[in-house]
Amino acid sequence: MAAHEPSIEQVKSEKIYRQFGLTDAEYDRIVELIGRMPNYVETGIFSVLWSEHCSYKSSKPVLRRFPTDGPQVLQGPGENAGIVDIGDGQAVVFKIESHNHPTAIEPYQGAATGVGGIIRDIFTMGARPVALLNSLRFGPLDDKRNRYLFGHSVAGIGGYGNCIGIPTVGGEVVFDERYSQNPLVNAMCVGLIDQGQIAKGYASGVGNPVLVVGAKTGRDGIHGATFASAEDPHEKERSAVQVGDPFMEKLLMEACLELIATGKVVGIQDMGAAGLTSSSAEMASRAGSGLTMDVTKVPRREEGMTAYEIMLSESQERMLVVMQQGEEHIAFDIFEKWGLEATVIGNVTDDGMLRVLDDDGIAAEIPVTALVDEAPVLSRPSLRPGYLDELLPSPRAWQVEDYGQALHTLLSTPTIASKAWVYHQYDALVRTETFVPPGSDAAVVGVPGTKKALALVTDGNGRQVYLNPEQGGAMAVAEAARNLVVTGAKPLAVTDCLNYGNPEKLDVFYQFETSAQGISEACRVFETPVISGNVSLYNESRGVDIYPTPVIGMVGLLEDVAHITTSKWKAAENPLYLLGDLQKGIDGGLGGSEFLRAFAIDQALLYQLPEFDLAEEKQIQDACLLAIHKGFIAAAHDVSDGGLLVALAEMAIDGGLGANLTLTKWDLNEASLASLFFGEAPSRIVVEVHRDKEEAFLKWIRQTGTSHLRLGEVTRDAVLRVSSDDGVLLEASVDSLKNAWQGAIPAWMN
Amino acid sequence: MKTAVIQFPGSNCDEDAVKAVVATTGEAADLVWYTEEKLDDYDLVIVPGGFSYGDYLRAGAIARFSPVMKAVQDHARKGKYVLGICNGFQILTEAGLLPGALRHNESLMFQSMTLGLVVENAATKFTHHYDSGETIRIPIAHGEGNYFADEATLRSLEANDQIVFRYANGENPNGSVADIAGIINDKGNVLGMMPHPERAVSELLGSTDGKRLFTSILTSWRDAHGRA
Amino acid sequence: MEFQAKINVTLKDSVLDPQGKAVTHALHALHYESVSDVRIGKYMEVRLEAESAVKATELVHGMCEELLTNPVIEKYSFELVEVVS
Chain A
32 MAAHEPSIEQ
42 VKSEKIYRQF
52 GLTDAEYDRI
62 VELIGRMPNY
72 VETGIFSVLW
82 SEHCSYKSSK
92 PVLRRFPTDG
102 PQVLQGPGEN
112 AGIVDIGDGQ
122 AVVFKIESHN
132 HPTAIEPYQG
142 AATGVGGIIR
152 DIFTMGARPV
162 ALLNSLRFGP
172 LDDKRNRYLF
182 GHSVAGIGGY
192 GNCIGIPTVG
202 GEVVFDERYS
212 QNPLVNAMCV
222 GLIDQGQIAK
232 GYASGVGNPV
242 LVVGAKTGRD
252 GIHGATFASA
262 EDPHEKERSA
272 VQVGDPFMEK
282 LLMEACLELI
292 ATGKVVGIQD
302 MGAAGLTSSS
312 AEMASRAGSG
322 LTMDVTKVPR
332 REEGMTAYEI
342 MLSESQERML
352 VVMQQGEEHI
362 AFDIFEKWGL
372 EATVIGNVTD
382 DGMLRVLDDD
392 GIAAEIPVTA
402 LVDEAPVLSR
412 PSLRPGYLDE
422 LLPSPRAWQV
432 EDYGQALHTL
442 LSTPTIASKA
452 WVYHQYDALV
462 RTETFVPPGS
472 DAAVVGVPGT
482 KKALALVTDG
492 NGRQVYLNPE
502 QGGAMAVAEA
512 ARNLVVTGAK
522 PLAVTDCLNY
532 GNPEKLDVFY
542 QFETSAQGIS
552 EACRVFETPV
562 ISGNVSLYNE
572 SRGVDIYPTP
582 VIGMVGLLED
592 VAHITTSKWK
602 AAENPLYLLG
612 DLQKGIDGGL
622 GGSEFLRAFA
632 IDQALLYQLP
642 EFDLAEEKQI
652 QDACLLAIHK
662 GFIAAAHDVS
672 DGGLLVALAE
682 MAIDGGLGAN
692 LTLTKWDLNE
702 ASLASLFFGE
712 APSRIVVEVH
722 RDKEEAFLKW
732 IRQTGTSHLR
742 LGEVTRDAVL
752 RVSSDDGVLL
762 EASVDSLKNA
772 WQGAIPAWMN
Chain B
142 MKTAVIQFPG
152 SNCDEDAVKA
162 VVATTGEAAD
172 LVWYTEEKLD
182 DYDLVIVPGG
192 FSYGDYLRAG
202 AIARFSPVMK
212 AVQDHARKGK
222 YVLGICNGFQ
232 ILTEAGLLPG
242 ALRHNESLMF
252 QSMTLGLVVE
262 NAATKFTHHY
272 DSGETIRIPI
282 AHGEGNYFAD
292 EATLRSLEAN
302 DQIVFRYANG
312 ENPNGSVADI
322 AGIINDKGNV
332 LGMMPHPERA
342 VSELLGSTDG
352 KRLFTSILTS
362 WRDAHGRA
Chain C
11 MEFQAKINVT
21 LKDSVLDPQG
31 KAVTHALHAL
41 HYESVSDVRI
51 GKYMEVRLEA
61 ESAVKATELV
71 HGMCEELLTN
81 PVIEKYSFEL
91 VEVVS
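Protein chains in written order, with our numbering: chain A, 32 to 781; chain B, 142 to 369; chain C, 11 to 95.
Heads up, a few of these hints could be off.
Taking beta-carbon pairs under 7 Å as the criterion, some of the chain B residues facing chain C (in silico) [claimed, not checked]: (1) Thr176; (2) Asp182; (3) Arg199; (4) Ala242; (5) Leu249; (6) Phe289.
Derived by calculation from the structure, the hints in this document are not laboratory data.
Glycine is no exception: its CB is placed at the ideal position from the N, C-alpha and C atoms.
Please work from the sequences and hints to get the whole structure.
In structure tokens:
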């Protein structure tokens with residue numbers, strides 16, 4: 032035992048385990064499981080593995096309900112990342128993960144190490160990372176602290192991805208009061224792999240050597256996993272900030288991919304949260320084996336580190352590798368070439384024990400099953416929150432003086448405004464496979480050596496989930512799928528990052544389990560199983576929880592890059608159509624919309640969401656995708672934040688063209704115009720049809736029975752003009768719309 | 142024509158450069174590890190973009206001491222072609238193969254976008270397939286691309302037509318003096334530029350304006366070697 | 011003998027310092043209007059062995075000129091202290 036460490040008796044009598052987040056009942060359970068009282072090191076090991084962050088003890092019962100299977104799934108949840116077949120012996124590997132708590136403390140490093148962590152999850156599987164996306168939430172930009180968090184998070188994301196040379200191709204940024212104290216940074220990484228090269232986190236084969244490779248171990252981030260699960264911001268601050276080194280990770284990535292390609296690796300796992308402790312326990316658990324490790328052999332950056340500190344360090348850019356016995360030299364050679372360390376620290380055993388040795392002998396000895404399989408699972412109580420039953424019907428009517436002015440205002444709302452200020456800080460083109468860069472509905476990256484491409488997106492609307500957890504969860508999946516479809520891709524699978532408040536609150540847990548239910552239903556309908564993901568709870572401070580914010584990362588496949596479709600208008604005189612039911616759009620009203628948030632913030636949370644029908648949504652998406660594949664479509668864009676006019680304006684701005692839209696068929700009264708223009712009813716897509724193919728398009732779309740409406744035509748004249756029988760309702764120059772849209776975020780940040 | 146693309150620890154546009162050379166010229170290109178001491182077999186050496194040695198200390202400062210850089214110096218001294226792109230440009234200035242230095246962008250932000258470049262000198266071995274004064278669209282992606290040279294150096298760059306590319310009017314993304322985006326040495330065989338021509342070689346990538354840089358080099362080499 | 015060199019690297023006075031400019035503006039915004047200029051540089055601590063202080067000084071000048079600064083835009087100064095263990 033290291034000097035100054037509490038004794039076994041002190042751990043119990045002084046209840047030291049409580050400082051690590053273990054409850055009295057959990058401590059008693061540990062004593063029961065190992066048949067004795069745990070020492071300080073063992074208590075630390077249990078506390079991190081049984082933390083919410085590592086054990087998913089609150090969320091596990093809910094996550095079990097997700098559909099995770101499908102003919103395309105090669106690896107579902109439970110590994111470092113999920114894997115999906117894309118044909119020709121190739122596969123796509125992807126996962127999304129949160130780094131919310133570290134970002135709240137130190138936004139640059141918090142966001143950067145979030146990116147670093149998710150990249151490791153991908154190359155650990157043997158895959159070459161090819162793209163990054165980020166889903167971000169911050170408080171409003173009129174607050175200095177929010178601007179600081181936003182600016183530094185973006186810089187940190189760019190700093191890491193740019194240096195390591197993986198393009199950041201997409202994502203989303205949303206601003207709302209609810210995220211003021213609790214920013215969300217969810218990072219997604221996508222990789223490509225030949226199916227024969229897949230590596231997994233298994234520590235199998237008695238006697239096989241266990242290696243620590245990559246960076247040296249320091250005292251950073253000890254108990255990060257435990258404190259990530261704590262709500263008190265002062266608690267969070269106690270976890271030391273980890274500092275990322277993307278240069279080191281670039282070398283580590285190249286070395287690991289080279290090593291895996293030799294075929295001599297038995298298992299490999301990233302040392303993420305809870306470092307050596309969780310990586311070793313999880314690798315042994317998957318293989319049903321044991322591990323003996325001598326921590327004095329772990330290369331250290333600081334002097335005098337104890338077994339406790341080495342086991343719990345969260346130093347970045349490290350991996351745990353099990354090699355075939357006698358093949359260690361291959362690892363030594365490859366890592367030396369890349370200027371990195373690879374050190375044997377122990378070996379695989381068959382006794383099922385995680386055994387930690389230091390200078391004084393055995394520092395810890397715990398059955399792996401006790402750490403992993405016996406980790407507590409909580410069935411948390413939930414209760415439907417009262418506010419859900421007090422919501423009023425979504426309003427159709429709203430007094431708007433000037434629709435053009437209202438559109439300008441909406442376009443300059445930071446959530447809707449151009450995110451160029453953000454993505455201009457990200458290298459989106461490195462690897463020269465980015466065929467649709469950031470700023471469209473979904474990003475597209477090519478699959479080298481083929482005609483295929485991947486479409487990538489993240490989506491989530493916390494306010495909608497708050498207003499209707501089940502429907503909101505389903506709508507997030509639907510919107511992600513819709514964004515892929517309008518790009519020309521068939522949705523394949525989902526990774527989800529589930530960000531919620533304090534799960535000990537009954538209403539928060541209700542939001543969590545109910546929205547997960549909605550996600551599950553939608554994933555079944557779209558045949559997009561959940562193959563990986565992450566849960567982030569306790570996103571609350573000073574008693575205020577974030578909106579329930581499930582973020583859906585979705586990957587789709589384009590069989591041919593010729594199908595790539597973007598949202599910008601291509602040519603004057605092309606007709607514009609709305610796919611989806613316009614009347615339903617009107618009837619859906621303004622509930623849950625950005626319009627209400629912008630013009631009546633005190634009413635933003637008073638109304639029900641517009642109706643949503645999964646079967647109808649699927650039918651419209653299928654029709655849109657087929658129309659693209661048949662070559663009818665010049666541009667397509669989904670109607671989401673801000674509603675129909677914002678969608679049209681974005682298409683106009685991007686293409687530098689205008690449009691003449693005429694709404695004559697409807698009995699449009701003044702009262703319902705706001706709802707038509709700014710309501711956010713789902714299941715609607717605006718398409719620009721090649722004018723020489725309009726007849727064929729119409730004939731075909733009627734056959735499919737898809738609701739559709741001709742809105743008007745694209746014009747060379749860069750003016751967006753909407754008229755009804757009564758005259759012009761709105762006329763705005765595309766330049767002035769563009770200025771409002773592009774200028775908003777730079778105006779706050781520069 | 143044989144091309145070497147140097148790979149430093151932290152290079153990340155190395156493979157893109159190989160792909161672009163092969164796609165635009167149909168000629169071979171090899172990745173060459175930074176410990177290599179000889180480049181005799183090669184006609185064109187590309188020092189690619191990325192973050193060699195993490196860009197720690199200063200962009201390019203550590204890479205210039207790599208073993209391969211002696212060979213690059215020799216290669217340049219012999220009059221053979223050297224092209225430095227982005228981090229490669231930074232390395233070439235640190236190594237003294239090109240004058241001036243590259244500072245942090247004036248905005249202090251990394252900047253990544255496709256923008257207009259004016260071809261100021263279309264009479265070089267690297268640019269003769271462009272028209273003089275032509276504006277081309279090429280992506281940039283850098284945090285330290287703010288070119289600096291003292292007055293005397295600038296005057297001599299201007300006088301000798303060594304400024305090859307300037308950012309188009311109003312599009313200077315980093316504060317570079319005289320809007321300089323790329324320069325050539327006085328012998329005309331070493332070109333450094335912050336923008337990435339290897340990222341503008343197909344319609345799918347959004348621009349094909351980078352192609353002619355590589356084809357210019359190929360025809361220059363063929364002319365010099367009497368091959369059609 | 012073991013020495014520690016405390017090296018300061020800054021941009022030459024003739025070279026614009028964008029970081030310094032940004033910090034100057036930020037200080038003005040925080041009501042430190044009396045600030046007229048900020049120059050931002052790098053500080054490095056180098057430990058080295060040398061026979062004498064003279065030799066150590068020579069070595070530090072060498073490393074500054076060769077690697078630690080780019081003489082086109084940067085200048086340096088340093089302070090040398092003997093490390094007594």
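Hint check results:
Taken as an interface hint, Thr176 of chain B does not check out: its beta carbon lies about 19 Å from the nearest beta carbon of chain C, beyond 7 Å. Look at Asp182 of chain B: its Cβ only gets to about 30 Å from chain C, farther than 7 Å, so that hint breaks. Evaluation of the Arg199 of chain B hint against chain C yields a held restraint, the C-beta minimum of about 6 Å falling below 7 Å. Hint on Ala242 of chain B holds. Least Cβ distance to chain C is approximately 4 Å, under the 7 Å limit.
Hint status for Leu249 of chain B: holds, given a least beta-carbon distance of 6 Å to chain C, under 7 Å. The criterion of a C-beta within 7 Å of any C-beta in chain C is met by Phe289 of chain B, whose closest approach is roughly 6 Å, and the hint holds.
Figure legend: structure checked against the earlier numbered hints; hints not met, in rising order: 1 and 2.
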